[in-house]
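Participant: Residue strings, one per chain:
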Amino acid sequence: MTRRAWFSALLVVCLAAALTFLTLPVVAIFVDSTPGDLIASLGEPGALDALWLSLKATAASIAIILVVGTPAAYLLATRSFPGRAIVVTLIELPLVLPPAVAGIALLASVGPSGVLGGAIDAAGIELSFATAGVVVALTFVASPFYVRQAVAAFAAVDRSLLDASRTLGASEAHAFLRIMIPVALPGLAAGTALALGRALGEFGATLMFAGSFQGITQTVPLAIYDRFSTDFDSALALSAVLVAVSAAILLSVKLVRGGEALGIAPR
Amino acid sequence: MLRVEARHQLGELLLDVELAVKRGECLALAGPSGAGKTSLLRVAAGLLRPEQGRVDANWETWLDTERGIDVPAEQRRCGYVFQHYALFPHLSAWQNVAYPLRGLTRQERLARATELLERFGLAERADARPHTLSGGERQRVAVARALARGPEVLLLDEPLSALDARTRAVAARELGGVLRESEAPTVLVTHDFAEAAQLGDRVGIIDNGRVVQLGTPSELAATPRSAFVADFTGAVVLTGVARTAPSGATRVELDGGGTVTSTDAAEGLVAVSVYPWEIAIEPAGEAPHGSAENRLSAEVVSITTVGNRVRLGLAGPQPLVAEVTVASVERLGLNPGAQVVATWQAAATRLVSV
Amino acid sequence: MKRVWLVVLLSICAGACGSDDPERLVVSAASSMTEALEKCAPRFGDADDAEVRLSFAGSDELAAQIRQGAKVDVYAAANTRLPDELHADDLLTQPVEFATNEFVLAVPKDSDIDSIEDLTRERTPLVVGSESVPIGAYTRETLARLPSDQEKAILANVRSNEPDVKGIVGKLTQGAADAGFVYMTDATAAGGALKAIELPAKLQPQVTYGAGVVSKADQPKLAQRFVEGLTDGDCAGALEDAGFGPAP
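Line order of the protein sequences matches chains A, B and C.
So the first sequence is numbered by this note's numbering: it starts at 1 and just counts up by one.
So the second sequence is numbered by this note's numbering: it starts at 1001 and just counts up by one.
So the third sequence is numbered by this note's numbering: it starts at 2001 and just counts up by one.
Note that these hints are calculated values from the structure, not bench results.
Ranges between beta-carbon positions, derived for each pair: (1) Asp2049(C) / Asp37(A): 47 to 55 Å; (2) Asp2241(C) / Gly118(A): 35 to 43 Å; (3) Ala100(A) / Gly2192(C): 19 to 27 Å; (4) Lys1022(B) / Leu75(A): 40 to 48 Å; (5) Leu75(A) / His1084(B): 24 to 32 Å.
Only some residues are given here: those of chain B computed to face chain A with a beta carbon under 7 Å: (6) Ala1045; (7) Leu1047; (8) Glu1074; (9) His1090.
All of these numbers come straight from a predicted model, not from anything done at the bench.
Quick reminder that beta carbons are idealized off the backbone N, C-alpha and C, glycines included.
I would like the entire structure built from these sequences, with the hints used as guidance.
Facilitator: Here is the structure:
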């Protein structure tokens, strides 16, 4: 009986430690400054620019990821072909790449001296020091988070639903849009949330690939880094906003997944 | 008219079937699981392409492997009812039913779907999502959906097996009505012979990828062509050695002891089959009476009530099953352990050479 | 199972109570000193039976870490302002000036830019340090000495405010920028990839490096020896080899 009590106590201690470790830094962000100071720091133009830029760039990269990644995930989930395992591994690779390595990888491929650098330049596309470059960096690091979840979500859809759709006269494209996506929606939403969180927080690859300039490439994480040594309050305020946004993302995913518990995806 | 021919290797099983179903007819394929029934339906629907095969539906050729014709499933006008219904979980009942309706306005689709749901008694559940419907209701939605655009051919995969026993009886009657109304040639597969007999105009027994016998339910029950068919149709099957008796009838020495007489002709090793409802029970020790020639002593080991009938499991030299009324059980005071005599007529005894 | 616990306990002990371990010296230094200090610090460590932990970043970031209570023994910055500020707040002992550096305009080696005036041309992507990092402050100080229309034109070409000088060098060697303001030592360290354009004397800022022992250092004596070595020791030699100038 004592052994069991010891073990339970140990479990509680571990949970308490984990909880404290994870919540204290977040709570401290809000405790260190008065709300008034935080809001005032947010008002200064650099902070607003950073927030707006992060919003735009993240939205653009998520849009690209959804439009290109969803059909790709569908293909991976529903068809088997030679080399499929390799394709899956390649797509998941950026997941395990440290952001700095991702930055190097982008520079080496689509950077000005990169493999495709000349072609990109010739096409008149500017990536360095441009918001487009930020979008490229965010898309690269965030897409595996979405694609992986999407593949799992599509693979979990009952195949007989697709068969039924075919016997009822629907083309595969119709079934993809009207059956697969709605039924897989909770999983797709979870993947989107993960990708969104990753894109919002991206720092290293963006800095190396696109640079840091207010309003053009200085996203919120870069702005926080720029400020923390001289204007800690401003850094705190931006961090608080990012925490709030991340919490909102998590919450909305929970709500969408709530539909999953009922066996349906909400319309 | 639906004609399906298919030869296809499915793992260890070789599917080799040829069947023809007339307009207005329902062919029920009954067989154990793994016999290839579902695969056959999938071939007809275009969800499985056989190595060799041909599917002709009314005036169209949907599949001809020799000539390289393979009309995709979405272009074949099949109504397919899946074993677990495959209703779209995010759509309401009427939206499910309206799914195959193309080229109509939303109003028109709603109207047609509601009309169908009314026919199935589900009009008030039109807006309900599948997970809120009962098993029986879901089954009806699935059938309505398959019929929505007036298919050329109707295919049903175990349409009643996912239902509980009570719902199944009602659903079977309803489905029978729907099938009789429908003009489309229908193939229905099931593992339950009784269901096949109730819903099918003709029944095919399928085992190991081949149709071993095809005919009306009573033909199959009365003249099973093999021990498997006899067993599958619910008969009691005994084994023994047959010899023609001087009277012209056949006498069979049963393995384990006992003799039975049959009006069928056979020699050598045979399977003897008789249906449980043709077996009468007498208490042991009474003098024989009646014209039933066959008599076997046995002990009652189980008594199971099925509706208003009772199935008696009997242990003799070989096991037997008899079906009698509840009243008879009470009258004879039957309990497990009671010694009885099972009797039945020689004319009801089928012999199949093994 | 018991044996596992024993091993775990022993390793924790070994990690925590290492009285026979060499002493550890934590040095925070401006990133422009990366190459030089990485060469001399191990030699210092061997000579004094110590393990030197180097941490390179923008001087402002390192100062902020010390303010937040980071356990650092030596702070070496690319200017004197930051060490003086820390000293004024009693976080650093009296800093010493130990080296100078030259502030230059760096361009890719095959560039046709050869003076600061060329930077006023349109479409000349320029990378500089952010305002709070010394290289950024020196840059703005220098540009402020130019006629105001030139200053404006050049600032309009700025495409990135990097948090430290290595980021500027990176953008130049990658071919993303046409020019950047760095230290001479960084231009040299980039091998032959960059060309350093020296600025007219009247524009050049005084780039003096200052260092000091952090007040709450764990190893004050060792830290003091390291700081002295920066002016007159092995590390001073390494800095000179890398192109730093002697203390003023």
